[in-house]
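Turn these sequences into a full structure, and let the hints steer you where they fit.
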Amino acid sequence: MHVTLTAASGCHLAAKPGVRPAVRQVSLHIEKGEQVAVIGPSGAGKTTLLLLAAAALKPSEGQVLLADQDPWTVSSTALLAMRRQLFYAPQVPPLPPRQRVVTALNAGRLPSMTLWGSLRELMFPDDIEPALEALRAFDLEEKLWERVDRLSGGERQRVGLARALMSPARLWLIDEPLSALDPRRAEQAIHTLTHTAKQRAVTLVTSLHQVSVARSAFPRIVGLRHGELAFDLPSDQVTDALLSDLYANEEPVDTVPIELPTAPKIVHCR
Amino acid sequence: MSRDPAWLGRVFWILAAAALLWPALVVTEFRPWVFFDPENLRVTATFIRDFFPPALEPEFLWLVLGEAWRTIAIATAGMTLALTLAVPITLMVTRALSISSLSGEMGRIPYAVRQGLRWLLILLRSIPELIWALIFVRVVGLGPAAGVLAIALTYAGMLGKVYSEILESGSTASATGLLRNGGSRMQAFLFALLPQNASELTSYTVYRWECAIRSSAVLGFVGAGGLGQQMDTSMRMFNGGEVATMLIVFVALVGIADLLSAWLRRVMR
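Chains A and B, in that order, are what the protein sequence lines are. Heads up, the first sequence is in the numbering used here, so the first residue is 1 and it goes up one at a time. Heads up, the second sequence is in the numbering used here, so the first residue is 1 and it goes up one at a time.
Just so you know, not all the hints are guaranteed correct.
[Claimed, not checked] A partial selection of chain A residues facing chain B, derived with a Cβ cut-off under 8 Å:
| # | residue |
| --- | --- |
| 1 | 54 |
| 2 | 56 |
| 3 | 84 |
| 4 | 99 |
| 5 | 107 |
Don't read these hints as lab results, they were simulated from the structure. Keep in mind the model is a prediction, meaning the values are calculated, not measured. No residue lacks a Cβ here, since even glycine has one placed at the ideal position from N, Cα and C.
Written out as structure tokens, the structure reads:
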């Protein structure tokens, strides 16, 4: 699914009127199947940009088009159909604490299920293969029947990412997928996401603090600073000078480039 | 800024509450010292003496147990009917399942529908169940059916309001997540809101069931069957012992409901 933002501005959901918008006059076009990393210092508006693209926030100015349709002028049925095609994962995975991982993952498939199907899935989760496969990709197979509140923060984040693999969406908007993960798990997670997105020809837009991961895993990088577009370049054209301007007076999470091999080696130290 | 900026507001509201309480005490003729007047103490003692000893004849106990069972049945049937009414209304009223609010402002039609249903709930629960029971006794005659219907209507109003507020006050992030990604409202309820709030919903429902048992005792006084009707009969015959037995059975029923609620909370943690 392709996304076009034209001079779009967006305010925080809870912002008072008259406050400067979190995202201002950003124009962006993302083609079907592209993979884009959005980087910038904290408070630059990365989350607001993803919310605008997810039809979850109405732009205060400008226009957002999803597959050439404006989500805010179509009927509510058409808006529902549009929302079914996308998957937005917030920074903190929205998983109910007492739910089991298998149900939380099956919830990712809900947009493609009817009401009766979802009811049956809730009571008798018998089709667990897709859930197991999604967990296997993140090295969490053995947690299938565990309750979400018994998982660590990093595991919870990985379950949130595994939900993306379960969903029928054509557009993935993932906010900070690596914030609670250690470097090894972060490599594995980013590899899984980009690899699966390529396989399924899904458009992937992620916001990242880890600049080195953005440079090595994504072909296109968008830089945001104070809500405005700083640059929108292929990743090999993003120089250190550009990055230091972007993060001027702010500290990025890591500046030392990590070598990302083509396939991560998974070693079980148990 | 060394002083807490909220202190002025807090002091004001405490004084305001006290200022509002004073006329309330005056209007309700709140004079607890009247209880300790010697004449009144003697009347109280005579009244209480009537209750001892509690009547313990086997055939009476059998009757009481039968009536207690009928009271529980009335309460349970009333609660079940109330739930069938309240759950759909809750799903339509709660703001946690509002799709139009996902982008900020709730749409006008959804808002109007929600307000309308909210007023329906207010209407249902503001009419005391005693009045409902009096109406239904004329329609369906004396007996438990009137009590069941009265409890069903009033409690539907109460359950609907509190359920929708429980759903809104818990964390709605998981429901919002599912709705943003194109889930339907029922799906968001079943997969996000219900697991999030199951324990609060259950404990409130069990508490209301306990209240329904008490209500059915009161409704018995207008002929709606159960322990209440029996208590009314015994009181008219000035048989304090029988009333005492029934009150003890009552306390036991409420105690059982309390244990059930505690067990359920433990199991659902």
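Structure-based check of each hint:
no.	hint	verdict
1	54	holds (6 Å)
2	56	holds (5 Å)
3	84	holds (3 Å)
4	99	holds (4 Å)
5	107	holds (4 Å)
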